[in-house]
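Asker: So the protein lines, in turn, are chains A and B. Quick note: the first sequence uses the working numbering, first residue -5, plus one each step. Quick note: the second sequence uses the working numbering, first residue -8, plus one each step.
Careful, some of the hints might be misleading.
[What the hints assert, rightly or not] Computed cross-link-like contacts, BS3-like style, restricted to lysine-lysine with a CA-CA straight-line distance of at most 27 Å:
{"id": "1", "chain 1": "A", "residue 1": "K147", "chain 2": "B", "residue 2": "K18"}
{"id": "2", "chain 1": "A", "residue 1": "K24", "chain 2": "B", "residue 2": "K71"}
{"id": "3", "chain 1": "B", "residue 1": "K573", "chain 2": "B", "residue 2": "K585"}
{"id": "4", "chain 1": "A", "residue 1": "K(-4)", "chain 2": "B", "residue 2": "K284"}
{"id": "5", "chain 1": "B", "residue 1": "K516", "chain 2": "A", "residue 2": "K74"}
{"id": "6", "chain 1": "A", "residue 1": "K(-4)", "chain 2": "A", "residue 2": "K74"}
{"id": "7", "chain 1": "A", "residue 1": "K24", "chain 2": "B", "residue 2": "K190"}
{"id": "8", "chain 1": "B", "residue 1": "K717", "chain 2": "A", "residue 2": "K147"}
{"id": "9", "chain 1": "B", "residue 1": "K715", "chain 2": "A", "residue 2": "K147"}
{"id": "10", "chain 1": "B", "residue 1": "K18", "chain 2": "A", "residue 2": "K146"}
{"id": "11", "chain 1": "A", "residue 1": "K146", "chain 2": "B", "residue 2": "K715"}
{"id": "12", "chain 1": "B", "residue 1": "K190", "chain 2": "B", "residue 2": "K18"}
{"id": "13", "chain 1": "A", "residue 1": "K146", "chain 2": "B", "residue 2": "K717"}
{"id": "14", "chain 1": "B", "residue 1": "K71", "chain 2": "A", "residue 2": "K(-4)"}
{"id": "15", "chain 1": "A", "residue 1": "K150", "chain 2": "B", "residue 2": "K622"}
[As the list claims (entries may be wrong)] Only some residues are given here: those of chain B computed to face chain A with a beta carbon under 10 Å:
{"id": "16", "residue": "L237"}
{"id": "17", "residue": "G238"}
{"id": "18", "residue": "V677"}
{"id": "19", "residue": "S701"}
Bear in mind the hints are in silico, worked out from the structure with no lab data behind them. The C-beta atom is built at its ideal place from N, Cα and C for all residues, glycine as well.
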Amino acid sequence: MKKIIHFTLNGEPVEALAPVNMTMVDFLRKEMHLTGTKRGCEEGECGACTILLDGRAVPSCIMLAMEADGHEITTIEGVKKNGVLHPVQQEFMDKWALQCGFCTPGMIMSALSLLNENPNPTEEEIRDGIAGNLCRCTGYVKIVEAIDCAAKKLAKAKEAEA
Amino acid sequence: MAIMSKEYYADIESVYKKPEDYELAGKGNAYIRIDAEAKVTGSAVYTDDVDLPGMYYCKLVHSPYAHALIKSIDFSEALKLPGVKGVLTGADFPEGHNLGNPEAFKELADKEPLCRKKVRMVGDEVAAVCATTEEIATQAAALVKVEYEVLEPVLDPFYSMQPDAPAIHYPGTSNLSIFTTMKAGDPDKVFAEADYTDKHYYRTQQMVHAAIEPHGAVAKYENNEWTVWTTTQGAYVSRYWIAWGLGVPESQVRVIKPMLGGGFGGKLDVFAHELCPCKFAQMTGHPVKCILKRDEVFMCTRTRHPISFEIESAFTKEGKLLAKRCKHILDGGAYGGSGIAANTLSLICATFPYKVENIDMTARRPYTNHPASGAMRGYSACQVHFAHEIHMDEVANALGIDPLELRRMNEITPYYTGPTGLEFTSCKFDECMVAVADYIDWKHRDRYPIGSGQGVGLSGSGFMSGTGFPVLVTPHYCSSSTIVRLNREGYAVVFSGANDIGQGCDTVMTMIVAEELGLRMDEVKLVQSDTTATPWDAGSFGSRVTFLGGNACRRAVGDAKFKLLSHWAEEWGCKPQDITMKDHRVFIKGDPEKNISYNEACFGYEEKNFGRCVAGVGSFAHEGDKDIYVKNVGNYATAYSFSASAAKVTVDMETGAVTLDDFAFGHDCGRPLNIRAVEGQIEGSVLLGFGFTCYEECVYDKDGKHLNPSFRDYHFPTALDMPKIKTFVCSEYDPEGPMGAKEAGEGSTAPVGSAIGNAINYATGLTLKELPITPEKLWRALREHEKTGKTVFGAEDLPEKFANMPPLPARD
Ligand code: FES
Ligand code: FES
């Protein structure tokens, strides 16, 4: 069975027909053809499928597409705006905070969620913020460093604005 | 081993850039990974992201039994489901075309694409279904009825070798997939005369690679040719085995490796999930995708060999290592495949990083009905350096010598040749050891009384850099090859067979070419890992990629450069070696006249040569004999890397929980080509080693059923569990390495476990001889120690098991 859902996807309004039992990650990948959101375990344990639901990180593999109805969804494809990388993305590149990159989209979404809630996180808070995202390649060292640098850059930019 | 090809490539090497002129190599922040932007924006295409019009989905049917005969397979219910497009069994593949190793170890070609008559592990693939959606395929697979006759599962590798154990593959072979010996000197005499001798037992567990990307493949069939996008660490090796499994010529199979979400050795073998989509694509005319679910990755791909150790050593009372005898029993699981190399590697690793002239070592790899063991990052080295380095501390304690000093007293020195012919080149082991010991303040380790719950530990290791031998054998020459084309529009194209599995070798290859030609990184375009577009490469394993692939790439660009510069040398009346390529220009230093752009230089060459473009080819292979897998004589790799680790831990003496407070890693990787990349490899290695030591273990019930095939039940460290990591790169230019580099991906995992293990032993005052050291195990040990005073825990069943092993079969 399918149902029509309405939601905002990366800033754009979407009306779509979604199978009622389809997970959000499959819906994004198979129906919306947004493959940046990854499937690592499909049981909510690895964080590779993390997206933002109204600005907060959620694993999209244990969420149904139906649950997006009426909400604002951001995927990794919506993070770079007007051709400009988000500072978190830029720092991940500059700090070599990725290797195979399979965890990277999810990591970045968790980092964005963390910085939305807590713009000046301590190292411990950063580690806590990405504790639901498994990375088998990096040992997290450079990821923590990248998020920390991005937070500082964002804070500086805000200060300059003010 | 002398590199005979050195002479062959001498002209080419004469125009290589000199180290003092490097602008990119070794400059950490001079460039970023070429795949970084694609990876941070989600546009990077991995196998599961390959989305073709009209694509069907394939799902495999697995055995629920560890050891059973297949009586019948009934697809009738599955075929009734609307959307089901086809089914496969073992009979659909040509008989005798098993996967594994042909040539060198024929008997190890033991894996049928789909099992015909017998299953040998829980998860063994017996059938496959194809449907229009992944959901229908999953439902259909559940409707396939397979009738089995259940056999006794063989789960203990020691029992497996006994004459009365049921045969897993071939009767009358003691279930041995392979055995290896390594001998030198006169160990018996030395043992009889030595001041100090001992005998100790250790055991490591089964762990998995747990790359976050699950295995999978997409296949299409068109014009009598298959194109396969697959999660492989070696596109060419996969092509050989896919073609073999299908019974078709290699010319009709094209394998493309998209971005790979981590390999760690788990994506070297060829699997049913690659062959079945090929068959279905041919049958249906549609592209077919098969992506494994996480539990399938756990159960049906590969694992790290669990090893049981018996180690005997002989030392002088002053601490000089005189002789070593050891027996390694590797649980091979159900199949051979990439597992063959484990045996030899376990012995080779046991001969370093310390000099030992008298050895008598054997390794046996019995089959069991566990999932197949295979290659895994720090192949055999993690287990061996755990056991042998815990052992080293035990010897130090017994002799009353500082463990650091005992290690330094026996360490390998530069250009040492081992007693069986291992040829070491550069070696900065001592610097690594000293750096980490200083960092952890080893001298003042007494500040933590033994058994106080806090402690520090050290360990050292070595690893091959640029393994010359395939871990999954094909009939091809085991080389890395590259083609480089210079374009007069101001860029160069590299056709590299090297397989980036996440470690970043695409960036390394690009950098080498940019460096040699004086171009920017973005002016070098990389074509990678596609059997139609790129030249042969044996795959990413054995720390060979930077070393062999990097050398191949440098020779290819050197070949092109030599041709270009020879042309201009003739024009300018000088030697090719007098000409520099830098900042997009080709010139003679200090001569304003003889200074043209890269574009003009290429154009001039083409003009003179009737339009022929400037192109170079290069290849690199280690010249050795793969007989080393059984005889163990000769050199294994072109160079060796060395590492040391130091750990500071806190053990909660109430709960047994271990916190890794601080960790230092010293690595001798030759000249680091990019310090950020080297650090990244080391940091990832520490995670793997920490997981290996304190977290990870595949658990089975008595029937061989995997009890924790999910990330919910199989844990590895999260960001909250990992310490800060201090990296020391103790580098020295290696004469054989590309731009002086050695390896930094695998050796870096080897000493982690034993440093943590030694620190835990120090902190608790116990000796733990078995991994993983989970809080529960540690808690039990601490309680028992309180009650009975017992101090040594783990591997208690091994003395008897080793004593009762049947003799080694004769080698024919
Ligand atoms: S795929 Fe969703 S948490 Fe792993
Ligand atoms: S970079 Fe590979 S899993 Fe994180």
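Asker: Which of the numbered hints above does this structure break?
Answerer: 6, 7, 12, 15, 16 and 17
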